[in-house]
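Chemist: Residues per chain, in single letters:
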Amino acid sequence: MQSLNLNYYYVLPHIILSITGIMSLLFGAFNKQAHRDLVFINSAGLITAGVSTYRLWNLVSSNAKDGPLTAFSGMVVLDHMSLAFIFIFLIVAFLSTLLSLNFLEDEDQSPEEFNSLLLFATVGMMLMASAGDMVMVFLGLEIASIATYVLAGYRKTDLRSNESALKYFILGSFSTAFLLYGMALVYGATGSTNLETISNAIKSGNNAITAQPMVMELLYVGAGMLLVGFGFKISTAPFHVWTPDVYQGAPTSVTAFMATGPKAAAFVAFLRIFVFTFAASYSFQLHTTWVNLLQVLAILTMIIGNIVALSQTDIKRVLAYSSIAHAGYALIGFLADDWISVAFYMLTYSIMNIGAFAVVSVMAGKGDEKTELENWAGMGFKSLGLSIALLVFMLSMAGMPLTGGFMGKFFIFKTAWDKGFHIIVIVAVLNSAISVYYYLRPMVMLFFRDENETNPTPLMSWTTYVTILLALAGTFYLGIMPGRLFSLLEVAKDVLVK
Amino acid sequence: MRLVGLEAVIFYLFAVVAILFAIFMITARSAVHSALFLISTLVASAGLYFLLQAEFVAGVQILIYVGGVLVLFIFVIMLVNIKEEDTKIFNRQILIASILSFFLGLGIIAILLQTQKGNFFTLVSPLPPKIEQVQNSPNISQSHNISQNTIKIGQELYTRAVLPFEIASLVLLVAIVGAVRLARERKQEKIYD
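These protein sequence lines map, in sequence, to chains A and B. Using my numbering, you'd call the opening residue of the first sequence number 205 and step up by one each time. Using my numbering, you'd call the opening residue of the second sequence number 1211 and step up by one each time.
Just so you know, the hints here were simulated from the structure itself, not pulled from any lab data. Check each hint, because a few of them may be wrong.
Unchecked claim - Example chain A residues on the side facing chain B (calculated, C-beta under 8 angstroms, incomplete): (1) Leu208; (2) Ser277; (3) Val631.
Unchecked claim - With a straight-line cut-off of 20 angstroms between C-alpha atoms, the simulated EDC-like cross-links for lysine to aspartate or glutamate are: (4) Lys570/A / Asp518/A; (5) Lys360/A / Glu1395/B; (6) Lys236/A / Glu1395/B; (7) Lys570/A / Asp310/A; (8) Lys574/A / Glu694/A; (9) Lys570/A / Asp362/A.
Beta carbons are placed, not taken as given, at the ideal position from N, Cα and C, and that holds for glycine.
Full structure from sequences and hints, please.
Modeler: Structure (structure tokens):
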């Protein structure tokens, strides 16, 4: 029997965050009005987890020749991709923690559950990133999803928030059922849930248990179900219908989190199963099939996301449709089998999206009352800093040079173009051009309309201020000097692609 | 693998029953009926597990799901506003129900009498086997009526699948925290503050 390899060091970031989550629960139970202390506890946990992830990154780099590190009999796989995404999740969780303080304090919501659920969701996402087995993908997804359902309904007395949570819960469970059924069928075809064993089985064409030729139809139907399940989670068209309602109804700081974190987590599991396990070097036919399917999905997603966003009047719905469109852009990276550009894209996307939602949460005021664009008329000069920050984030999302969004799109389009996917890149560039219209419309509202009601100047706490500043810094850093980060990731590339 | 003979008959019986009751469950008007159909579906799929010689999974299925659904059933009756006509569902077939439960009771008593070897009121329990006996027995499955399948599940759960097994507790923790948060009322929060 093979060794179990119970290496707790490899899951240290996960363990640290779980313990921090439980600690925030306990701390909140014994201290009233612990809003601010909990932010410090959470940040300390996240930074410690970040340090241990950094050490693991160095370990992976120094063991580069032996391939990825595995632990717990193949349940955990650590390579540069999983660690890069874990870093993204930690950044998202950190910014969301800072951002949510304002919401929790203003509306007197209990902070301990919010903060611990945020951390548990992050642990779930990290488990998805480091999963070497479909069971782990499923468990991580469930942890992240359940925590996010509750966060979406955190404003209990608000009907929109209730609707958002219920819709997210029902459709999320529905999509998880697809995913699980797909996993069961793939298991039936290949005889294993371990992704490495699955890829070997696909390569040899034999079931891992019976050593008989595998039933290919089962594998294809299973892969299709997985595609639908992940499609729901990352909100690609035509599985995107839940996104606008859920993003609109949830408290804005929660929307910032769930538009970035769980989405990036679904992307990394998607990459792990499709790009790495169903790779062209294992089965050319399977690979061609899903690449063709995904190409259609990506084009549909970009077009639907961008076109429908044009007619939205609520800023949160605009951002929701924009996030659908961004999922389409990121999918292009899948076609080129390039996880690095997808990871870079998810990083820039997360940072600029959290920044934009942070501005929205301040402008919308207490209880997210003013999310309609009409309400924002003439507010631009009253809150100049906020408006300029929003302008930067919006331009970055539209793909303006000197911002992170441009570099993210550039790398993705470039690798896809080099691999010969010309049509889809052209469609994507055209779509980016369309998107400029709805990204700039809030600016027109803010600066070029007369104020039609006496809006009070929006106030914000220092944590929100820090969030916006950090997001701005990140957007510019990734836009002007992406070279260092990208070369770090490029080193990882030689190791990963077999 | 191809199903033949009685196995095929039983498989298709259970499969059709499971699917039919699943359809009934989502089309039933009354929530109570829905819950009952759900139990039937779950029992039928437990039957399918038996057919795969996975009697442990089948037992767990019945214990947890059917038990859990029964709790759900009670909650539905308590929480959902049941209309007038729906409240009478328990009274309609009272005669048949009482006859059935009479025979069921007789059956239970008969089994009890049989196992107690005539004397109903003294509890005779066989001595538990010594640990050495268990360890030295050449085939655990024969001495204890545990099938190889069940042994395999136990071994896998604590060796290869130990991490998912532990992480399942985190799923439960998140679910509990979330449920408490959403179900707690303002008044209760005020009291604790």
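Chemist: Give a verdict on every hint.
Modeler: Taking the hints in turn, this is what the structure says about them:
no.	hint	in the structure
1	Leu208	holds (6 angstroms)
2	Ser277	holds (5 angstroms)
3	Val631	violated (40 angstroms)
4	Lys570/A / Asp518/A	holds (16 angstroms)
5	Lys360/A / Glu1395/B	holds (9 angstroms)
6	Lys236/A / Glu1395/B	holds (17 angstroms)
7	Lys570/A / Asp310/A	holds (7 angstroms)
8	Lys574/A / Glu694/A	violated (44 angstroms)
9	Lys570/A / Asp362/A	holds (12 angstroms)
Hint compliance for this structure: hints 3, 8 are not met, and every other hint is.
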